[in-house]
Amino acid sequence: MPSITVKNIPEEIYNRVREQAKAHHRSINSEIIACLERTVKPQQLSSDDILHEARRLLKKVKGNLSSEEIESAINQGRPVKVIDIDSSTEGSQTLSYLPFWSFETLCNPILSLFLMQPWSQGS
8 MPSITVKNIP
18 EEIYNRVREQ
28 AKAHHRSINS
38 EIIACLERTV
48 KPQQLSSDDI
58 LHEARRLLKK
68 VKGNLSSEEI
78 ESAINQGRPV
88 KVIDIDSSTE
98 GSQTLSYLPF
108 WSFETLCNPI
118 LSLFLMQPWS
128 QGS
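Read in order, the letters of the sequence shown correspond to residues 8 to 130 in the working numbering.
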């Protein structure tokens, strides 16, 4: 296998890699290889894999949260962004004042599926 030597690594970065390696029970070399693999060769997940993982994580959630509790948790520490939408568009009054995460959710089908599925299917 080829080898790479990295010189002049800033101490702060080296310390973070060392901490991550320890947390993942890896050598520093193995941690760097894992970081390179994640960066250079991103994992391509199918929509079925993503849905399976979302459902697996959803099963870990204990209890039911109200929509107000969910919104509060999502908004915590996030700024509200006013989205200017043409007033002739149906539903524009609703979208104009939503927090930015809401607009992200509407535009991202995976987020929308993950957040709305438990309520839409009664799961």
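Keep in mind that the hints were calculated from the coordinates and are not lab data. Be careful, since some hints might not be right.
As the list claims (entries may be wrong) - BS3-like cross-link-like pairs, simulated, lysine-lysine; straight-line CA separation at most 25 Å:
# : residue 1 : residue 2
1 : Lys29     : Lys48
2 : Lys14     : Lys48
3 : Lys29     : Lys14
Said to hold, decoys possible - Pairwise CB distance ranges, derived in the manner of DEER restraints:
# : residue 1 : residue 2 : range
4 : Glu18     : Ile40     : 19 to 25 Å
5 : Leu65     : Asn22     : 20 to 26 Å
6 : Ser73     : Val13     : 48 to 54 Å
7 : Cys42     : Ser73     : 36 to 42 Å
8 : Pro9      : Gly70     : 47 to 53 Å
This one's a predicted model, so the numbers in the text were calculated from it and none came from an experiment. Heads up, the beta-carbon is just placed ideally off N, CA and C, and yes, glycines get one too.
For each hint, the structure was consulted:
Taking the CA atoms of Lys29 and Lys48, the gap is about 23 Å. The hint holds against a cut of 25 Å. Our distance criterion of 25 Å between C-alpha atoms is met by Lys14 and Lys48, whose separation comes to about 23 Å. Proximity of Lys29 to Lys14 is assessed by CA-CA distance (about 22 Å); at most 25 Å being required, the pair is judged to hold. Taken as a hint, the range 19 to 25 Å holds for the pair Glu18 and Ile40, whose Cβ atoms sit roughly 21 Å apart.
Evaluation of the 20 to 26 Å hint for Leu65 and Asn22 yields a failure: the beta carbon distance comes to about 36 Å. Evaluation of the 48 to 54 Å hint for Ser73 and Val13 yields a pass: the beta carbon distance comes to about 50 Å. Remark: the range hint 36 to 42 Å for Cys42 to Ser73 is upheld by a beta-carbon distance near 39 Å. Between Pro9 and Gly70, the C-beta spacing of about 51 Å keeps the proposed range 47 to 53 Å intact.
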